[in-house]
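Engineer: Spelled out from the first residue to the last, the chains are:
Protein chains: 2
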Amino acid sequence: MRNPAQGPVVGMAGGGQLARMTQQAAIGLGVNLRVLAGSPDDSAAKVCADVRIGDDRSLDDLSAFAKGCDVVTFDHEHVPGGHIEAVEAAGTPCRPGAAALLHAQDKLVMRDRLSALGAPCPRYAEVGGDDPLAIIEGFGRETGWPVVLKATRGGYDGKGVWVLDGPDEGLVRELLAQGLSLMVEEHVPFRRELAALVARSPHGQGAAYPIVETVQENGICVEVLAPAPGLDEEIAAEAQRLALEIAERLGVTGLLAVELFEGDRGLLVNELAMRPHNSGHWTIEGSRTSQFEQHLRAVLDLPLGETRPTAPYVVMANVLGGDDPDVHSRYLHVMAHDPGIKVNLYGKEVRPGRKIGHVTALGDDLADVRERARHAADYLRWGPGGPRKETTLKGDA
Amino acid sequence: MRNPAQGPVVGMAGGGQLARMTQQAAIGLGVNLRVLAGSPDDSAAKVCADVRIGDDRSLDDLSAFAKGCDVVTFDHEHVPGGHIEAVEAAGTPCRPGAAALLHAQDKLVMRDRLSALGAPCPRYAEVGGDDPLAIIEGFGRETGWPVVLKATRGGYDGKGVWVLDGPDEGLVRELLAQGLSLMVEEHVPFRRELAALVARSPHGQGAAYPIVETVQENGICVEVLAPAPGLDEEIAAEAQRLALEIAERLGVTGLLAVELFEGDRGLLVNELAMRPHNSGHWTIEGSRTSQFEQHLRAVLDLPLGETRPTAPYVVMANVLGGDDPDVHSRYLHVMAHDPGIKVNLYGKEVRPGRKIGHVTALGDDLADVRERARHAADYLRWGPGGPRKETTLKGDA
Numbered sequence: 014m015r016n017p018a019q020g021p022v023v024g025m026a027g028g029g030q031l032a033r034m035t036q037q038a039a040i041g042l043g044v045n046l047r048v049l050a051g052s053p054d055d056s057a058a059k060v061c062a063d064v065r066i067g068d069d070r071s072l073d074d075l076s077a078f079a080k081g082c083d084v085v086t087f088d089h090e091h092v093p094g095g096h097i098e099a100v101e102a103a104g105t106p107c108r109p110g111a112a113a114l115l116h117a118q119d120k121l122v123m124r125d126r127l128s129a130l131g132a133p134c135p136r137y138a139e140v141g142g143d144d145p146l147a148i149i150e151g152f153g154r155e156t157g158w159p160v161v162l163k164a165t166r167g168g169y170d171g172k173g174v175w176v177l178d179g180p181d182e183g184l185v186r187e188l189l190a191q192g193l194s195l196m197v198e199e200h201v202p203f204r205r206e207l208a209a210l211v212a213r214s215p216h217g218q219g220a221a222y223p224i225v226e227t228v229q230e231n232g233i234c235v236e237v238l239a240p241a242p243g244l245d246e247e248i249a250a251e252a253q254r255l256a257l258e259i260a261e262r263l264g265v266t267g268l269l270a271v272e273l274f275e276g277d278r279g280l281l282v283n284e285l286a287m288r289p290h291n292s293g294h295w296t297i298e299g300s301r302t303s304q305f306e307q308h309l310r311a312v313l314d315l316p317l318g319e320t321r322p323t324a325p326y327v328v329m330a331n332v333l334g335g336d337d338p339d340v341h342s343r344y345l346h347v348m349a350h351d352p353g354i355k356v357n358l359y360g361k362e363v364r365p366g367r368k369i370g371h372v373t374a375l376g377d378d379l380a381d382v383r384e385r386a387r388h389a390a391d392y393l394r395w396g397p398g399g400p401r402k403e404t405t406l407k408g409d410a
Numbered sequence: 014m015r016n017p018a019q020g021p022v023v024g025m026a027g028g029g030q031l032a033r034m035t036q037q038a039a040i041g042l043g044v045n046l047r048v049l050a051g052s053p054d055d056s057a058a059k060v061c062a063d064v065r066i067g068d069d070r071s072l073d074d075l076s077a078f079a080k081g082c083d084v085v086t087f088d089h090e091h092v093p094g095g096h097i098e099a100v101e102a103a104g105t106p107c108r109p110g111a112a113a114l115l116h117a118q119d120k121l122v123m124r125d126r127l128s129a130l131g132a133p134c135p136r137y138a139e140v141g142g143d144d145p146l147a148i149i150e151g152f153g154r155e156t157g158w159p160v161v162l163k164a165t166r167g168g169y170d171g172k173g174v175w176v177l178d179g180p181d182e183g184l185v186r187e188l189l190a191q192g193l194s195l196m197v198e199e200h201v202p203f204r205r206e207l208a209a210l211v212a213r214s215p216h217g218q219g220a221a222y223p224i225v226e227t228v229q230e231n232g233i234c235v236e237v238l239a240p241a242p243g244l245d246e247e248i249a250a251e252a253q254r255l256a257l258e259i260a261e262r263l264g265v266t267g268l269l270a271v272e273l274f275e276g277d278r279g280l281l282v283n284e285l286a287m288r289p290h291n292s293g294h295w296t297i298e299g300s301r302t303s304q305f306e307q308h309l310r311a312v313l314d315l316p317l318g319e320t321r322p323t324a325p326y327v328v329m330a331n332v333l334g335g336d337d338p339d340v341h342s343r344y345l346h347v348m349a350h351d352p353g354i355k356v357n358l359y360g361k362e363v364r365p366g367r368k369i370g371h372v373t374a375l376g377d378d379l380a381d382v383r384e385r386a387r388h389a390a391d392y393l394r395w396g397p398g399g400p401r402k403e404t405t406l407k408g409d410a
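Those sequence lines, one after another, are chains U and L. Residues in the first sequence are numbered from 14 upward in steps of one, following our numbering. Residues in the second sequence are numbered from 14 upward in steps of one, following our numbering.
Worth flagging that the hints you see were computed from the coordinates, not collected in a lab. A couple of the hints might just be wrong.
All copies of an identical chain are treated as equivalent in the list; a pair is satisfied when it fits inside any one copy or across any two copies.
[Stated by the list, open to error] Cross-link-like lysine to any residue pairs, in silico, SDA-like; alpha carbons within 25 angstroms at most:
id, residue 1, residue 2
1, K80, P338
2, K80, D63
3, K80, V201
4, K172, D336
5, K80, E362
6, K80, S342
7, K80, D339
8, K80, G279
9, K172, D378
None of the values given here were measured: they were computed from a predicted structure.
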């Protein structure tokens, strides 16, 4: 540490809600969180003392930001690997490092690597070469339609993903003309989606959270059930082992979230993320160590914290923006209705469909806990009138 | 609220660890915490985005600070009541208000009021008039020696309190010459000290936390056991009722901590505080709603949160500074030793005996939980060598 008496400085590139919630944990640990935000209005910039305004995709901004940090980490996957290597070469460790993070940045690299490691994945193919349409057509014939077309980079919350019922020449040509790299995957039939969240520290310690079920609507995670109800213990243990092994083999430092499909073929890996993850927000109240504290402990190479849950069931529901920006007046009702509900708002401008916060409920009875979380999230979005049809469900980050 | 879309602005006068921990709760609630700190190095100033540097005992600084706040509250008791009234007259509500806060600022006013309300207090007398020594002497004859001499204002952590075995003319004359107002109280024999923490909102809602036991050394709280072990249920309920009634009768808005003696005469009120209190730090991990969130909810007149504990036993131990400022290297050991221990550091310069943080342990077995908290606090202070005799135990805030 550069100044032991003052505590470590952790730089987080990106000023979104993940950095914001990391600040809550940093305060407790006596860690100085420095945030590189695009604007002073960013979610995390509103709650941190040490905010640098800049572009985390600019090497100059990133390098200036990293100076004086004990370690640099990330609120998202969009910092170019070359920049990360340059910052490391200049003397500031980045966690995760560029080589690991690449697997959360490029879906094709991830699939190739996980397949080589023997991790269970959907079948896939790169869409490239002279006749990309022929690849999609051949892949569809082999696996059956529909197939899933993905941009290898830059997608999130359902963006960059298209379900094709047949080779859609117009769409594919348009995407390639935009310069996107594409891949195609089989459309996996699954019963539900699970997520495995683990942490790994540079000295090699690992810690796994209970496996959760994630519920998606229109490509956006709307609900997380912890632990995944009715999940076979063997499968849960297998999912934890799989995530810990991926973290180790890829050299991840910090958190790793592995999104999984559960279906007739067992577990299949969907996506990876190497940062605090929406599927882990429940840990703020629901685990002895929140994912945000765990990420800080991991990137600082501190011993990891206990992941034991604080209640038999914990349900997190994302709060999406509705038509009326005055979410704070609505949370009064939510708190009065349910004194045990935990409201977490991100300080973001309310736009229809945008993730602006989440709520967490805890208790002994899953149906009850789920209903409480659902009610609170719906009320914060819509107020007493309930959903209005004209509001789009499309989300953003 | 002045700008509903952006969330309320709560101004907290004072930049100590109570404001720092309030920031953790404010982030979750989407509340913008503005802090009036004496220096950018203050505990809370290091972790808040909206910091105003100034003197909270100056009306000009306080008034400028209050502008644009939806409500002003306090991290300590030292803001003069007249200033608070002036800020309220200028249009910003202060919670607690001056009339209520006076009872946490002036021990004689508090004793007179509580006695009038019939709340159980130690016997006491004002030390004033022409012959203050005669008052002390008479009081000692009546109640028996020793007696407790107190400055009516400004004391904390054992400061401003003297135990007299007889009329100590030299000391009393010196204190009076310093301009201190004095009172004398009987030296109450007690088995242990308890604390009752409640919240009250402007619309009159009240919420009580479980009664805790506080363990003091040299006038400083070193340990809090929640709930108070072996406490008779009736007495616990009586303590909660007493605190709720005091909050109501005094018109407290926000938190009220009532420090109590438990002894042969039942419960006696020792001191009052109207802010988050050291005896409530255990609630961060140990209760569904932390005292910091509860205080914000109360001063914003939001419905209060559930106070249910998250484990059968929760023990908080204060971390005092030792000789070596590098507490961060020592917490590595503490975390490795006990993955479930929660470390909370205040970002304060380490000085011997100064409160620089606290640790919290939770579990089913009180002796075990207490040992874990004690070990962590001792290790953070002393390291592997254990206490060194030459270090003073004298504390400060």
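Engineer: Now, for every hint given, state plainly whether the structure supports it.
Structural biologist: Here is how each hint holds up against the structure:
no.	hint	result
1	K80 with P338	between (38 angstroms within a copy, 24 angstroms between copies)
2	K80 with D63	both (13 angstroms within a copy, 24 angstroms between copies)
3	K80 with V201	neither (45 angstroms within a copy, 57 angstroms between copies)
4	K172 with D336	within (22 angstroms within a copy, 55 angstroms between copies)
5	K80 with E362	between (31 angstroms within a copy, 23 angstroms between copies)
6	K80 with S342	between (42 angstroms within a copy, 22 angstroms between copies)
7	K80 with D339	between (39 angstroms within a copy, 22 angstroms between copies)
8	K80 with G279	neither (46 angstroms within a copy, 60 angstroms between copies)
9	K172 with D378	neither (34 angstroms within a copy, 49 angstroms between copies)
Taken one by one, the earlier hints fail for this structure at numbers 3, 8, 9, listed in ascending order.
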